[in-house]
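Here is how the chains run, residue by residue.
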Amino acid sequence: MRRLMKTALLATAIATSAAFAGSAYAEDSVLLPNLSYRTGPFAATGTPLMNGQRDYMTMLNERDGGVNGVILNYQECETGYNTEKGVECYEKTKAEGAVVTQPWSTGITLQVLPKSNVDSMPILAPGYGFSAMQDGKIFKWAFNPPASYWDGASMILQNISGGNLDSLKGKKIALLHLDHPFGKEPIPLLETLAKKHGFTLLPIPVGLKEMQNQSAQWLQIRRERPDFVVMWGWGAMNAGAITEAVKTKYPMNQFVGIWWSGLDADLKLVGDAGKGYRTLSWSFPNNEAKVMKDIKQLVVDPGKSMLNTSTGEFDWVFYQRGVLISAMLAEGVKEAQKHFNTKVVDREQLRWGLENLDFSEAKIKELGLDGMIPPFKTTCANHTGHSGAWMLEWDGTKFVKASDVLQADRAEIDPLVAEKAKEYADANQPWPTNEECKL
Amino acid sequence: MLYRTAGQFKTSYHADHALFPVKQDAWLLGIILIFAYAIIPMTASEFSFNALLIPVLIYALAALGLNILTGYAGQLSLGTGAFMGVGAYACFKIITAFPDLNIVVAIALSGFVSAAVGVAFGLPSLRIKGFYLAITTLAAQFFLVWLFEKWGWLYNYSSSGAIQVPNIKMFGITVAGPNAAPVTQYYFVLGVVTLVTWFAINITRGRIGRMWKAVRDMDIAAELVGIDLMKAKLSAFAVSSYIVGVAGALFVFLWRGAAEPNLFDIPLSFRVLFIAIIGGLGSILGNYLGAMLIVALPVVLGTLPGMLGIPIQSATVEHLNVMIVGATIILFLVVEPHGLARFWQIIREKLIMWPFPH
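Protein chains in written order, with this note's numbering: chain A, 1 to 439; chain B, 1 to 358.
The following block holds chain B by itself, in its conformation from the complex (with noise of 0.2 Å):
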């Protein structure tokens, strides 16, 4: 009923590829933008800000750039959590070097130092692939936490160790700092999410996406047919840095306010590859559920408790939260393997028939 496709024709092969082939689609985004652009932020309480809207969107772009990597070109990779890092410490030195630079500019370069780091650790994906190529982005993920500590130049010397984020305006309005309102935050990292997922979205169903997605299926296949290995992977690895790069500069700069290198660290790193497989490799929706489910989920649940005036002690909470995320997320994948995208894509198909089942 909600989905009757009946009565769409599509006269042209242009109308067929378009991006909505099916209008109830683009309908759906639209509401979904709606509420995310306007809704959501009239409504959201300073806690919703912090604690779920933002990290959920930083989070999701992190998995995003992960995915292009793993999910579409195939490598595995380890290394997300420092890729972030060398972001957001790059942002970190731009803006401590060029106070007066817009953070648009400043988070656009760090994201291309980071691209430049993941090509460089790229490098040995067009020898190894597989688990082989895990490791050698493990390592990339060890070295760059220990550069982060060790290297003082990285945080101007301070005697904690740790990156603080000062105070940056654009435009006359704070969006960056102690001072900065979240919802400006919010309406930044919305802005820039919304633009690197347009772009992911377009690049990975063209010419570029096609080359990925055939190297991940079979390498071999892939460079009989006359596509360059070396170009197809380091692009991966170096568009994927970029939007991790992204991610991380916004983690820092957008949310968190003050970061030690330790928080790059592996856990990091295995969040985000969660966030993706759980979302479904191969999809850009899926980051986004994945996201909701790994980083809003254990929130909403600490948060209940209190709200039904349960009285349960913090401690307790956490462990319980612990395993109710944890079996969540066993239940998702027995139930659906390929992760949340690919369970929407059912519940779609499935509504498209209904009410009649053949």
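The following block holds chain A by itself, in its conformation from the complex (with noise of 0.2 Å):
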């Protein structure tokens, strides 16, 4: 015992010094970091938008050594959804010389986003975050591509009423949402749209604690009879409801998801129970585009994949979304290298690349992503693109897409961009702007 004791003594000894050092990064790669969470009450839903992540990188190390002779050092490190480890990993990430952060939690992206513009970090967080962050004046070092959670609020709200918002006038809408910053993030858009197109909006918050258990929100819908339920929910709170749902025979073309809320999994669960569920979604799968038989080629068939193949993963929308973030930031980091003339990117040059992303019909075509994604295009002044969505519908064993592109209602959206983005920066002054945006 007492030598055992020793050596654990040793052993924290050498680990605190360790701790206390530096490291050391590679010549011609760029750091770009994941806060994944493959751990935790979210990996359901983490995990396959991680694999599609790590496996584009792989894919693109693998065919074209990097991007343009630079190896992109992907690299997670798992937060398990949890912000105090957020924290711990976007500083140890930083120290280790990352160009980029990826929070992935609203509620890490709320902690990280004042500190970028001291760190100069850019943040990427495609579909998530904080929606204001739209306005790449104020939020000058935060990203969110291709669709902002208000997009997709009003977008939903344009699919269900059948492009005119008045018809929903008398109707009532339930909110089921994560009581978490996550979830709250559509009811300042809800409730203008409510109080304008005159229907009545019923939040109902999920805690933390009930995200498996919903029997008494489901009471509450059954009691409410709402004409629709739209679900801003993520992890284990997405299966809960759709089961619920099922049990308490929910019409299910009533019900629909954020593209959070749309992980195949949770759907085969209940199989033909949910057809007619819907879930909105800016990405959409495609095993013919090149990218896909690539990624299958180089990566999972040699096994250099975390993919679990038994589940078909490859083949779901949250696999293939994970793709798309991925490709988002090489195209990034591409950029930059383009303008500024240069192999290594720093932060501030991957900063202009993801404040310059084109992605055309004739670039998505060239990357090899057709029929993935809508086109969008970010500037200075537009950190989101806006590239609209499909609404997808789960046909019994897969999500088929239910509508053409829609496009979210600029003119509703925009004043409140305006609106929170300002309230942010007055409360954290002082705040630097982009003066330099022009736009």
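Don't take every hint at face value.
As the list claims (entries may be wrong) - Which residues of chain B face chain A? A partial, calculated answer using Cβ under 8 Å:
| no. | residue |
| --- | --- |
| 1 | 166 |
| 2 | 178 |
| 3 | 256 |
| 4 | 315 |
No wet-lab data here; the hints were simulated from the structure.
Positions of the beta carbon are idealized from the N, C-alpha and C atoms, including for glycine.
Assembling the complex is the task here: the two chains are given apart, and the hints tell you how they should meet.
See the structure below:
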């Protein structure tokens, strides 16, 4: 026992000294870390996304030797969706020389957002984070392409109202949301729209502890009989809500989720009973796209992926969305290399790259992402890009497209973005804004 | 050899009751303080400040608060996380209502809010004890976190329901908020922690501390010798909640920068309780040792594979981390059930004897 204690003490001493020392990174590679969560209550939804992100980067390194000869050093730092771990990972990857941070949780985004100005660290939060990050003049370092939550809320309403929001007059829409900054994001916009178009908004929060057992929430839904249930769920909450909806026989064609509420595995659980469930999505899986074929050939088949092949994860919306997220980041690196005529980009240069993403039809084709994402373009004033999104519908075995590309109502959203962005900047004085942007 | 007490004669009762009857203890503390105040700030990296040093100090402070209640006064509490939340939200409200107020004053005031809430939830301790009391503090835990979620006034009706720390200056230097330098925050936290620890050492050694210990060891006997149980128990709740509240304010303002209600949920209470138990109930030093084990060890273990160049998935490291830390906790408790502080005491006694075992 005594020897054991000595060994333990020695190990601790070594570990402590190691933690204080810095670390080196190799030449001609860029460190693109991801604050992942393959553990914890959100692992089920996180893992396929992380797998997709990882596999695209691996594929680029295998196929092209990185981007213009620079290896993309994709690294994960496990947070378990825990904000405390998030800070730790942010600091750790920053010390290692990361050029970007991908916080992967609205809570962690809220913590790192104010620091991004001080540390000059670009935040890439595709399809999540704070909707007001769209305002690139105020949020110089934060990016949420290709669509924000407010875009999502607007598109869902358009789709369920059949294109005319006034037809929702007198109807009742329940917002089943996670009781967390993420779930509360759409509320300001939905409240404004409810007032304007005369429908009733009924927010039904689901606490982090009640995710798996939502009987109380669904009892309320049964009592209130809303015309539509819109879901802002994540992780275990989605599976809980979908099974509960099946159990209470809520009509599936009146149940719509945001893009994070469309995990194939959750609907496979209920199979045919989930037929008619819709989810908004700015991504669509396409196994015939060149990128997906390359990933299969170069990454999945040689066993370099962490993908779970037995569940058919490769075909899932989430896995291929992860691929798209990495594609945006890699394009940001490429744009920055081209503009600054350099190989290894730094944070400031990558920020420029992310600000000048141009996913045009032609570019999407050239990258081999045909049909996987609608076109979008970011500028220094618009960090979201507004790709629009498709409504997907569960047909019993997989998601199929149920609409053309929907577009959010900019006239409703942009004033709210300006207002909230200003509010944020005022609360965090001194808050530097991007004065160079003349758009 | 190192700890030779021979030749250190005490010639008065006063000298015998000094804080450090053995000279070497005072030297050791001096060395630790020099390290904490001078050497570490000069050498540590930003990562070490934000992921190791500041959190260890803050968690140790919270555990110290809990230890006064549980370790010294014997009242088991499971609501520490919520009381930290009270301190944090009180500080947020004070700072946003009076932006020009000095942050030290705001933190000190928020401690009083937490103390008041602590006393209110401590009232049942006059009639019930042990596990039953633990249940009422658990109720406080659930109620307060629910309140943080539902009462919009607390977070100034922000749409995300989270509180954010603005940039706060003190004497021209930014001490809190995103623009604050980690080393400034470290000194701020260290200063507060040193002050509170000094206060805690003295209060637990003196009349009030002895009163608490008497209540802890047997409350009927304490009552019989003339100790006012109500005063003893409620003062323990007040002092403990004050320190926990200050720790909570530091937790959000000097470290996290933003907080959502579920941060103060029961896992935080358990974490602080673990620190207090593993460090050693009824000890001041133990809180620091416990915090190092519970807070710093996982962070250090997490960086090891990267340092040593072992190619291993981050998620796997996390799984291993949980296993290693869990095993270490059990190991330490089996080897020394009274916690790390007692462990140090044994080492110290052995050192005094060394190299002659008898």
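Against the structure, the hints come out as follows:
no.: 1; hint: 166; in the structure: 6 Å, holds
no.: 2; hint: 178; in the structure: 4 Å, holds
no.: 3; hint: 256; in the structure: 7 Å, holds
no.: 4; hint: 315; in the structure: 4 Å, holds
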